[in-house]
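A.B. asks: Sequence:
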Amino acid sequence: MKKSSLGWVELKPHRKVVAGEYGTWRIIYTAGSKGIKKGGKLIIAQRWPCDWGEPQFSSPFSPDFLDFKTPTGVKIKPYYGRRSYIHPWDNALYLTIDGRNLMEGEQITIIYGDKKSGSPGSRAQTFIETNHKFLVLIDTEGDGDFKRVPGKTSVQVIGGDIERLIITVPSVLLVGEEEYIHVRGEDIWGNPCPHYKGKLIFKSTDPRASLPKEIYFRSKSGAQKFRGIVFNTPGVHKIFVEDVENGLSSESNPFLVMSCVDFKIFWGDLHGQANVGCGAGTVEEYFAYLKNIAGVDFGAYQGNDNLISSSGWINQRKVIEKYNSPGEFVTFHGYEWSDVYDNGGHHNIYFLGDEKEIRRCNHKFIKDKSDKCMDLSPITEVYKVYRSKIGKVLIVPHVGGEPANLNFHDRELERLIEVHSTHGTFEWFIQDALERGYKVGFIAGSDDVMGRPGASHPGYHYARFVRNGLCAVFAKSLSRQDIWEALLARRTYATTGPRIIIFFKADGHFIGEEYTTSEPITFTARVIGTIGLEEVKIMRGPETVFEYPMPERRFDG
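The sequence shown maps to residues 60 to 616 in the working numbering.
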């Protein structure tokens, strides 16, 4: 390794890590010509989404015990905490040099998960990541001027043994039309299983379905799409899959086979980010996961704007265009306007087409401030700029790092609100919007930062507690224009993840439409659940105006 005056660092062992495993990892720092003065510091940081076990220094027989090896006379004062001033590398171990100066060539070894006194080791993060990095910074003089230390400190985190099979099928199908079955193997943390292989046996409630009796699943990605499936019997159906050898079985989401349709239901996740922002993984990996692993129909990228450099913006736009494939997978451009609550709070901004300019709230975490004159704050300034593009821009308030402030609203630009993500389910957000008289549709997503958009699961992260939601849209086709038209028309609904089928009309008018009447309203609804339905309610703001009596827990009501 090339020497540096700041020293160099290496992580051992350099091997693939299974998500959630307990182990021991050593970070070895060798001092450069500058050494480190007494009072100087080392910081070892991981990105904000990381849920690696928090190091502790007091109990050598408990999980995540961290210890050190130092030269004679050199001591370490350790501290671990989350610090936003090096965002997005918030999870940081601070090591202050004490006793004497660390001299050139001397080494400090930081042992994550030291087992010598009975600790089971350090728990690795619970989500997959191709290039998980420990960022090492050094303050050689003790004056707070930190520099990056060169070295090899990355590992690949992979999925573990298979825990379950996930089967998805398009929600609305035409009789005789060729479709697909998407199969994903997940480990206990919800990661895809790259080593899973198995013989799958398929059955369907459609007695005239044309589907393979057996398929051998073998996919390095942990997910596979089987095409050429045909259903021939109208009605609600499911597919059942079994892997006898591995003791696995699963059933698909319900799907509706029809002779003709005005709209099909397509599923997407419009909210998440990778390393162009505060998340894990690359933008390329993000969209590959949405399309190939999560198996959704459409998606978007929403990096925090004050973390997106000009080069990052150019890169994400290229990837978004690369992955847009009408009829197969649809992508949208955008970013997350990420100002504080008093200025409007967090809003997702989406574009129908490619957009050359990003109008950030600020440049807080961006070094190159040459385009700072383009920043917009508060949110009313964003409205002013994008009102010239009504119909080609959508702004969606949501609850996340900073909840959107609903004291601000533009009825033409803000036609939807996000009501569920891995941050939680926010029925209060719905009520707040409706009580203010806002005419908005509902969507859900993941707000994923862990490299698993469209199929996110909670691990040990302190701010992500639930699974991702999904956005359903009624659209004529799987094209950017038609999905956008459905979003603009509020022909949407939100779920907390299950692919529930909902049809709802008022006097024949579809979800999202506006009309006036002086006559009593006739509602027609059909709800097809993934499991037995507990209740179906019609609400006007906070008030329940009708509750459908469920004599038994049926999945079709």
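Treat the hints as calculated values from the structure; they're not laboratory data. Heads up, some of the hints might be wrong.
Here are the simulated lysine-lysine pairs, PhoX-like style, with alpha carbons at most 20 Å apart [as the list claims (entries may be wrong)]:
1. K258 <-> K75
2. K206 <-> K96
3. K498 <-> K451
4. K71 <-> K97
5. K279 <-> K262
6. K134 <-> K100
7. K96 <-> K62
8. K206 <-> K564
9. K323 <-> K564
10. K297 <-> K279
11. K174 <-> K71
12. K428 <-> K451
13. K100 <-> K128
14. K71 <-> K96
15. K128 <-> K97
16. K272 <-> K258
17. K262 <-> K93
18. K428 <-> K415
19. K451 <-> K564
20. K564 <-> K535
21. K100 <-> K256
22. K62 <-> K75
23. K97 <-> K136
24. K415 <-> K431
25. K323 <-> K596
A.B. asks: Out of the numbered hints, which ones does the structure contradict?
C.D. replies: Hints 1, 4, 5, 8, 10, 12, 14, 17, 19, 21, 22, 25 not satisfied by this model.
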